[in-house]
Amino acid sequence: MDTTSRTTGGAGCLLAGLGATTAALVWAPRAAFSIDGGFEGHARNLRVLYVDLPLIVLGGALVPLLVWSLTTRWTCRPWVSVLAALVALVFGIWGLMEWWTPRQHPDPGYGPGL
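Under this note's numbering, the first residue of the sequence shown is numbered 314, with each subsequent residue one higher.
Derived CB-CB ranges, DEER-like:
| no. | residue 1 | residue 2 | range |
| --- | --- | --- | --- |
| 1 | 339 | 379 | 16 to 22 angstroms |
| 2 | 350 | 404 | 30 to 36 angstroms |
| 3 | 389 | 330 | 22 to 28 angstroms |
I should point out that these hints are in silico values taken from the structure, not numbers from a laboratory.
Glycine included, every Cβ here is placed at the ideal spot set by N, Cα and C.
Kindly generate the complete structure, drawing on both the sequences and the hints.
Here it is as structure tokens:
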């Protein structure tokens with residue numbers, strides 16, 4: 314292997330790790346209510362841990378990696394590929410936050426106490 318292919322592979326792995334970490338960090342505050350469950354665990358939904366979290370981390374890793382691999386084939390400038398992968402990650406996370414809305418508040422009948 315020559316040094317350019319090692320550098321390219323390392324940069325792609327770094328972007329995948331960055332994407333997975335960023336997706337998990339953006340996911341965590343929105344999923345906190347489902348994990349905690351609110352008052353007496355009424356709204357606890359642990360599905361966000363074993364279904365949503367792996368899918369979000371996988372998507373966060375694959376989106377920048379896929380864009381990186383496609384753009385490195387089309388252009389010889391690595392900074393263009395990095396920029397395209399970061400833009401794809403930002404739009405992917407934005408789309409995720411627009412689409413994925415876990416339960417945030419208790420049912421309407423559970424208002425403040427007396």
